[in-house]
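Student: Residue strings, one per chain:
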Amino acid sequence: MTKPILILGGGPAGLAAAHSLATVGKKCVIVEKEDKLGGAPILSGYAKLVPTGEWAKDAIGGMVARVTDNAHVGIETGATVTSFDGNPGDFTAELSNGSKIEAEAAILCSGFTHFDSVNKPEWGFGTYEDVVTTTQVEQMISSGNGVRCPSDGRKPERVAILLCVGSRDRQIGREWCSKICCTVSSNLAMEIREELPDCHVYIYYMDIRTFGLYETKYYWRSQEEFKVKYIKARIAEVTSDGDKLIVKGEDTLVKRPITIPFDMVVHAIGMDPNVDNPTLAQTFGIDLEENGFVDVANRYGAMGETSRPGVFVAGAATGPETIDDSIAQGHGTAMAVLSSLKDFSKSA
Amino acid sequence: MPIHEKSLIRPENLETHDNLVIDGVDVSGHWSTFIKTRVVSDYNETLQEEISALPGGEEIHRCWQCGSCTNACTVNEVNPDFNPRYWIYLIRMGMESELLRDKDIIWQCVSCNKCTYACPRDVFPEGVMKATAHWLERKGHTPKSPSTHFDEVFTEQVLKTGKIEESRTMRRFFARTKQKLLQPWMIEMVKQMINGLPVGMLTRMGLATLIAPRTSDWSKASAAMQEYIDEQHEKQEQALSLAELVETAKNDVAA
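Chains as they are written, first to last, in numbering that gives the first Met the number 0: chain A, 0 to 347; chain B, 0 to 254.
Some clues are possibly wrong.
Label-pair restraints from in silico Cβ distances [what the hints assert, rightly or not]:
(1) B:165 to A:193: 40 to 50 Å
(2) A:51 to B:11: 47 to 57 Å
(3) B:45 to A:151: 23 to 33 Å
(4) B:102 to A:121: 46 to 56 Å
(5) B:154 to A:121: 24 to 34 Å
(6) A:54 to B:220: 20 to 30 Å
(7) A:223 to B:191: 50 to 60 Å
(8) B:45 to A:174: 31 to 41 Å
(9) A:225 to B:100: 23 to 33 Å
Hints were generated in silico from the structure; no laboratory data involved. Cβ atoms here follow ideal geometry from the backbone N, Cα and C, with glycine treated the same way.
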């Protein structure tokens, strides 16, 4: 009997990899540190996903259900890997819950950690209740409670979304673009306008990166159909006059300083490397790239190889990634793992 | 002044004092220059809808601020303050007070339409400039321009007679814009006409001036046009909240 593949993390990438492996009859074990599967879209309570508009609990929930009852997929929740020794085809992993897994290979689908806005104190998060993050707004929508100011539960009449919070910011050591926040923010802006048609939504940006096909569907649709306003300004600070939040900055397209009152300010938070990455790197004996994401060793000849043979990586563990690309990488890396275990071309 | 050379601080916001002591500290003179608050403090949320309710402004929401219009602009070449890209942005974002700072140059658009052909998003900037100039007039920020007077004289006459009688158009246009009828070029033109003595033409002109001929059966067509114009005007007045503006003005006067 062959050994299973260890999949670290039960988010979109891990769920996709598990499904792919199980479909071809290969056993795998998902090791998830939280007590349920689904990753960020489920654990952080995302609302409607880009680009399909399906609810996260349906779309990713479906992926969870698909592997949960699959005989080829073992699931260890509430567990982490404490050691990982051996060679390709013959690894032994020890888990925090005491169990041991003999594995032929491992796929790290450990994802990312949401940027903690407390690290940008000038933008008011942690100081003012009505300064929230995109994740919190997702939760307001997915919970069915609607978008409300946390301080007193009122419907906001003016909402400012600040982009690049924890992204493209050398001052706090986050030089990368988190890739999805622009699109997610325009999606949220439309959701807010749909629920609260009298609420004005402003997006403060330095560049808009609704890349690829998102340009029409999110950037332009949010402006043309939903009248969301995009203002090119880097915000200097978010304060309060005791009644409203006050957003200060400079509108760089017209070179004018602005001081504007808002009911709610939303931080479009970026994707940090998973806080566990230094530990993971040590446990699995792999390299991280300069920003702290998992380094991909072979970009063109193979899929998802790390610096250690037999240990693979997929999804946002390698850097900011969309949900659908994470899923694609999960599937692709499952294939790469299979072909690394046996070169079928030689036995044909 | 081109935007990139513009200072964030307007000269009128700088303050120096010849003799000022605050908490025992002497802050007189140039070395203690103060800067007054210099911010846009609110957006007019409806400004974009107001402009797009006027003919020519309909596509303003498409602008992505590439600046092709300003680069192509004939007037911008001679007057760097004439910047369609900038005004379109102010309108879209609702920065009305900033827009009003330029109210006396927006009408300068010469309608060459170079911007119209340069625009990658079919915003129709020339139309937006026209709509903005009209907006300024309708809101009472600028007086009626000569071209608005001309349009009105022209339209009134068409509606009334179905024809254009040039000398009447001219007379009324000059009267309404408070210009002398006997412009030097007109005196010259009349002189030359008399020299050449085109009897037939002068007779026709004279008769037309006296009789003011009408297109036969014009009343129905005229009524239809008038109805359409009234309809459009009412829509525009609603979009621009002109009734409320008049009401506020009345109250202000009463107070």
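Student: Now tell me, hint by hint, if it's right for this structure.
Tutor: Evaluation of the provided hints:
1. B:165 to A:193: 40 to 50 Å: violated (56 Å)
2. A:51 to B:11: 47 to 57 Å: At roughly 54 Å between Cβ atoms, residue 11 of chain B and residue 51 of chain A fall inside 47 to 57 Å, so the hint holds.
3. B:45 to A:151: 23 to 33 Å: holds (27 Å)
4. B:102 to A:121: 46 to 56 Å: violated (36 Å)
5. B:154 to A:121: 24 to 34 Å: Once the Cβ atoms are compared, 57 Å apart, the range 24 to 34 Å for residue 121 of chain A and residue 154 of chain B is violated.
6. A:54 to B:220: 20 to 30 Å: 58 Å Cβ-Cβ, so the 20 to 30 Å window is violated.
7. A:223 to B:191: 50 to 60 Å: holds (56 Å)
8. B:45 to A:174: 31 to 41 Å: Check passed, 40 Å falls within 31 to 41 Å.
9. A:225 to B:100: 23 to 33 Å: holds (30 Å)
The structure is inconsistent with the numbered hints 1, 4, 5, 6, although it conforms to all the rest.
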